[in-house]
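S.K.: Note that the sequence shown ends on residue 73 in numbering that gives the first Met the number 0; no numbers are left out.
Please note: incorrect hints may appear among the correct ones.
Listed next, with one range per pair, are the computed distances between beta-carbon atoms [claimed, not checked]:
1) D41 x T62: 17 to 25 Å
2) D26 x I58: 14 to 22 Å
3) P53 x D26: 30 to 38 Å
4) N23 x L51: 13 to 21 Å
Rather than coming from a laboratory, the hints here were simulated on the basis of the structure. Every residue, glycine too, gets a C-beta built ideally from N, C-alpha and C.
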Amino acid sequence: MARSNTAPSQETNPPDFLAWHVANKGDKGFWTRIGAAWFHRDRKGLSLQLELVPINGRIVLRTPLDDEKKEPGA
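Modelling step: build the complete structure from the supplied sequences, incorporating the hints.
M.R.: This is the structure we're talking about:
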């Protein structure tokens, strides 16, 4: 059974989460923004858009800060 597209238009909506790659080096963590995620209209899933995929470390999804939501292209 095919699913209908329940993802919102990502070009017009600010992301619900920002995706970060976190690499630990010693006792420091280095965070690099790698993408964003949006809730589906029914809020039962997410669409994740990554601009790059790390080969190590971990991916963390965090809600954007208010100033990050205002960035053009965010």
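S.K.: If I claimed the Cβ atoms of D26 and I58 lie 14 to 22 Å apart, would that claim hold in this structure?
M.R.: Because 21 Å falls inside the window, the suggested range holds.
S.K.: Given the range 30 to 38 Å, decide if the beta-carbon distance of P53 to D26 lies inside it.
M.R.: violated (20 Å)
S.K.: Measuring from beta carbon to beta carbon, are N23 and L51 in 13 to 21 Å?
M.R.: holds (18 Å)
S.K.: Confirm or reject the claim that D41 and T62 have a C-beta distance inside 17 to 25 Å.
M.R.: holds (19 Å)
Violation of the numbered hints given earlier is confined to hint 3; every other hint is satisfied by the structure.
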